[in-house]
Amino acid sequence: MENSSSSLLAIKIDFAQSHIFFPTIIVWTLVILFALILIFYGIPYLRSYLSGERTLNLSLEHIDKIRLLGTLIVTVLYFILMDEVGTFFPNMGYGFLFVSIPFIFLISILYVHDINRKKLITITLNAIIAPSLAWFLLAKMFSITLP
Amino acid sequence: MFKLMVKKGAFLAAGLMILSASNALASDSVIKGNLRIVIGSKSTGGDTYQNSSIVANALAKKLGINVKVDAVGSSAGFKAVDRAGVKGNTIMIFHDQAYLGYLYGKKGYFDIFNKYIIGPSIAINPGNAYLVPKNSPYQTAEDIINACGNGTKVRVAIQPGGVSEIGYTALKNAVSIIYPGKEKNLVAVNTGSQSMKNQLLFDGQADVINGSVQANEQYTRLPEEDQKAMRFVWLTARKNTINQAPKAGMGATSRDQLLKFVDPITNVPLDKTTNFTFDKEFFFLYNKGLDPKIIAEIDNALTEIFASGEIQKTQKKSFFIPDFMPSKEAEVYFKDKMERYKIIINSMQ
Amino acid sequence: MEFLTDLSMMYFLLIPIGVIIGIFFGAIPGMTATMAVAVCLPLTYSLNLNEGLALLLGLYVGGISGGLVPAILLNIPGTPSSITTTFDGYPMTQNNQGAIALKTAITASLFGGILSAVILFLFAPILADVAIKFSYIEKFLIIFLALTVIASLSTNLLAGIFSGVLGVLISLIGVYSIDVGGNGEFRFVPGILEYYLETGFSLLPVLIGLFGLGAILKEAEKGTKEEDTSQKVNLSNQQKFSMKIFKGQFTNLTRSGLIGTFVGMLPGVGGSAASVLSYTQAKNFSKEPKKFGTGAPQGVIASEAANNGLTGGALIPLLSLGIPGDSTTAVLIGAFTLQGIQVGPLFIGENLGTWNTMILGLLLANIVMFITMFYAIKYIAKVVTVPKYILYPIIIMMCVVGSYAINYGNMFDVWTLLIFGIFAYLGGKIGIEMAPFIIGFILGKSAEIYFVKALESFGTFEIFFTKSPIAMFLWVLIIISVGYSIYSALKGKKIKKAIENK
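Protein chains in written order, with my numbering: chain A, 1 to 147; chain B, 148 to 496; chain C, 497 to 998.
Hint data in this document are derived by calculation from the structure and do not stem from the laboratory.
Don't take every hint at face value.
In silico DSS-like links for lysine-lysine, alpha-carbon gap of 30 Å or less [claimed, not checked]: (1) B:331 - A:140; (2) A:140 - B:179; (3) C:884 - A:65; (4) B:208 - A:140; (5) B:208 - B:440; (6) B:262 - B:489; (7) B:300 - B:331.
So here's chain A without its partners, still in its complex pose (with noise of 0.2 Å):
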């Protein structure tokens, strides 16, 4: 110990303080990196912008809001209420249960296409029964805690 502690390469390190060691080793590789990016990408990008070879293309015309957005909130939706539905029935499952069924059903005619009878059918169908047989063999036969 005493003679590697006057050399370059010694480091001593509190315990009490040492939840930011690491941390601030990687925060420091992060930025420099960072930095590396902006010279080598970065400055290159902005120049052929500014030079007008290249237009920043913000449009979001490529965009499918309504399925895109649609998912978002109704998977928000979604954990919220199958916490609170749960909790009506502790540790039954049921919140799992009876919330995922109309999720299941609402991002099915999301994303589905061309809808018709046969198509809905089989999209209620399954709304109905993947989230039961799911239910049924994890919560119950294999006793998973579910919301």
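Starting from the known structure of chain A, arrange chains B and C on it as the hints suggest.
Frame of chain A, contents of chains B and C only:
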């Protein structure tokens, strides 16, 4: 084809739902629905899970309900009881760590006596131990204390902030009593799992490690030239606790051999007159708002379970010492226990 | 063969049952082998030790193998250790070679599994003594080696490394856990979020958020159009699988199986590192590294031979030190304690019968896995014909179940799924690379522990170079790995330039 499968599935699913819904309402217990026991450990291979499973199985049979043990860990466990514990479907089983974590000032721990109702105690794990390499110069815990007193630095590998640290704190306290001012010679090497503690001993980065009779007994039977060979120097349990263990002990180490590492043969002074001892005990924790009827129901069920004497056999087979106290009694007992350890933890920090 | 007389019919029945349930868990995105073993653990109460082990070993092997199915067909790693299977498996599916990829993968799995079981049987106690030579320092270097692999998996070197380090950073969020020897203090967590982020983000929800939900959001953006039926994977028209695909792959198979076994036997290094290391080794040693990532069977072979090699490897420290080698064996140890059996350095000698039973179980489980999957593939491969509007909501639902169940019931893990789904969707647009990111995330926490603990114990950086011959050898590997990535990045640029100049 696909459609046919879908249809068949629908009937199956509907049938299953009716079946299970009728099952759930069949029991006449005060606890409605499934009982979930969250435990303070994330491991399904550890003593908390094992103990909780034994009790959960017995409770499920007695009360005629589904009981499930979930190894969620301490902070998730406390949160689950806070949030869903009022209805009595989510309760917790943990051990002395629940208040030791608070005494050591760790994040995610608080005064459990304020925040929860203490439920019945169920068992003791008598195995909390301290070990040295087989070729270590320290034969006993007294040797370690004396070495510190004579100015030798002794490194003890522990997991900080709880049951693993309490024995280290006690050793430090003992050094300070016999050799005042020398306690800084006993240093903690903070680490995590049993595997990491063992590894530190193999690497020569620790002189003493915290371990357990269950996990380390086989290592004590290896020949001295094996790098992995270890030797017990101290078990923190009370003599009375070890005396209740099966006569055969653990593995090839008999109860009589284990007793040699326990007070009064092994001395780690707590103060001028008494030796330090520590039993790792498992108990229930309930949400503060829990219906007293449910508390009584679990108390009664456990009283009957322990009266019939079957569960004790299972516990002893797994090297646990049965230790049932109904909730009222347990609350007073653990409060007192915490006050005792508070003194030395505070004085050593 | 005396021990065979003790085995019941039940034993031989429970292995296939375990394997099939395991495959089922592994194949569902979001469910893992660990979960399969954990949920079935209480069942072993009613069985004797041999029977309980038969069930659990079946689950273990089945679960690890089942992970290849969604990896190959849906680009979602069913278990963390099948991440690298997606790299070439999914492109093969896109090239209408899904069934071939699946069969290649299970054959490689069988090979890796058997190889590791044989190594376990023959060398367990010796290897355990090797494993304990790996202290904090050597373990850190192995993780560091696996991290350098990020470079060779990146499309853009700089962006890839940035993503990897970002993954490490995200993995550090939460407390420096006292369970691993930290001081229990928070990092990177604003006060109001401390309640939720105490244990940080869990691996599984992050993984399936990135690869499952993230992919679905990207599809939603594009309008979830069904592929043209004529373009659609034509199952009857597929090439036939033949063992020829393994021609010249024996070295790859053996090397990958050995890497898997070796990484598996080091406690605390983590199973996912095994397939990552073996995948990149296969790529680096290959004559045509450019093919990797575009549907090269070699990639699938390397990944799958390694993650099944892990099974036998992880049992080495469990059975000869009493210490689990990975997360699944950590659950498996419960089966022993529940039966009151001590595992430790004397386990094998004192329980020869159980030991033989376990090896037999492991071998049988691998064989049963192969047969079951081989014949089931016909049906499994049809998953890709299920319309998206039916398949996607089911995938999201199963991801939710898996996330919620991974820590035995925690709603925050479900939100983690969503956070990282959105992260993958947005991050992909600004050039964050998901494969390096997830590898950084997986390895970040252990890298920290071993790095900081090594410095705490030794007080100097020098120790990483001078600790042992093993450490020096690992440095050589690290230098080769880094050098190779830089070399191929430069070469890639040259080729690109040459093409541009034409």
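>> Hint by hint, where does the structure go against what was stated? Just the numbers, ascending.
In response: Structure breaks hint 1 only.
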